[in-house]
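Residue numbers (this note's numbering), protein chains in the order written: chain D, 1 to 151; chain L, 1001 to 1373.
Simulated from the structure, these hints should not be mistaken for laboratory data.
Note that the Cβ used here is the ideal one computed from N, Cα and C, for glycine as well.
The following residues of chain D were derived to be distant from chain L, with all beta-carbon distances above 10 Å:
no.	residue
1	A12
2	L14
3	I29
4	L36
5	K46
6	A87
7	N91
8	K118
When the alpha-carbon atoms are kept at most 25 Å apart in a straight line, the in silico BS3-like pairs for lysine-lysine are as follows:
no.	chain 1	residue 1	chain 2	residue 2
9	D	K85	L	K1057
10	D	K77	L	K1239
11	L	K1187	L	K1177
12	L	K1057	D	K83
13	L	K1248	D	K77
14	D	K74	L	K1239
15	D	K74	D	K7
16	D	K62	L	K1303
17	D	K74	L	K1248
18	L	K1303	D	K141
19	D	K118	L	K1057
20	D	K141	L	K1300
21	D	K62	D	K83
22	D	K85	D	K62
23	D	K62	L	K1057
24	D	K118	D	K85
Partner residues are not named here, just some residues of chain D that face chain L (Cβ under 10 Å, in silico):
no.	residue
25	D20
26	F25
27	N27
28	N51
29	C55
30	H70
31	K74
32	I100
33	K102
34	I105
35	D113
36	L128
37	P138
38	M148
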Amino acid sequence: MSKEELKASLTALLPTATFDETGEFLNVIVASGDMLPLMQTLRTNKEFDFNYLFCLTCIDWKDHLMMVYHLMSKELKHILVVKAKIADTVNPEIETVSGIWKTAIFHEREVYDLFGVKFLNHPDMRRLFLDEDWPGWPLRKNYVDENMIEI
Amino acid sequence: MNLMGENIVTEDGEFIINMGPQHPSTHGVLHLKIWLDGETIKRVQPHLGYIHRSIEKMSENLSYRNFIFATSRMDYLSAHINNEACALCVEKGLQIEATPRAQAIRILMGELTRLSSHQLWWGCTGLDLGAVTPFFYAFREREAIMEIMEETCGARLTQNYMVPGGVMYDIHPNFQKRVKDVMKQVKDNLHEYYDILTGNVIFENRTKGVGYLSAEDAISYGCSGPTARASGVSCDIRKWFPYDGYEKVQFEEILDTGGDCYARYMVRMREMSQSVSIIEQLIDNIPEGDFQAKTKNVIKLPKGEFYQRVETARGELGVYIVSDGAASPYRIKYRSPNFSNLSALDHMARGSKIGDLVAIMATIDLVIPDIDR
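Construct all of the structure, not just a fragment, from the sequences and the given hints.
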């Protein structure tokens, strides 16, 4: 599907979604609660058939966190970026997508480790790189490391 | 929590043993916790972070010229290609393209890197499975490639040769002659690789039918590179999303349908010949001209998001830059191929014997600093 067709189908599916077309890929921005049902449709609906989650990450915009999912369909050769906004920065939570794409098991653990986003219903929600008792979330913008030397 | 832990026998007779972080077959500091029933693997759980340096956090404080060099330390066997991905991503933001001469040099260097990386992998795979000789055969050619790198880039492993707009300096006057000599040597000797290891009965028994990964699972786990191509998943970024003029060279995407360790082995072996072919097409056709496009001293990317992917020796590397208009990235994410490939290890290893785990790890070709970043 082309960008325009994707946009039209997604608007019909989720009227509240907003779009960002400035970049290379089509971005769709949804509320964190709408994310999981949308993802399930994107995976199972043969019209979309997004079977390959090639990048999963998070961005800290200080007043909110933004989950970013890069999706691609190997068969239909289209790409879509789904963004889910998490307003709560103190106890951020979102549903896991590891039931849909298994690669998310590791990627979500990485996001939990470095951003502190808790993934609900994740099979193994532990830190990935750092110790369990590591203070703070290193990739957050408000993270302070006393040992860091500024050059 | 039993992290560094001892080996335990649970009440229902299950063994839990620790492999690594210092284990010869993990090629670095990978720690695997393995649940066993007798000799059969029930579950594998990787423990990561022994070499975590948070390159993503470091990059947020570095300029767009400097952050590139940190990525040489991720997948150190594909340092050139990592640098290339970052340079391409910055170029995408600046809306410039490398000069034709720089593009040809980048492909040549990238393929030499792929070749030397696969040679190292081949030697180590033999070593892991109990054959010591392949290591010496592989390093014979790899050493010659390393010397070419040293002559042109000044370094053997972390070359730091790619910059936004092209390459850092022009190729050494000896470059073309030496590359041609080495390619002749590689072509003459490649059949020895097959003679030593490929048809060996012990090797075949240890790899055929071991560590099966279906095409569907390979996509679901986000596997890429030879690991996925051995399961029949077409995923070569050089074909799917050509960069730096890969669309102009003739080569074949190697696919296999076996999905086992032997298929992964054969894909890499056949890829070596493809790399040689690409290098031979280009070595006499490097365009004249500048080796670097003009860029400003202080690079500032416009507000926005840029995603660039390239094919390293191990699979798809993605560089995702989020810019807020400043002189350093607001957020940077490296989607590393090894990270996703490792996540499929548990799935591949379940049900096989503990000795097979070494064969599986060897044929996924893990590089640990790329997983931990």
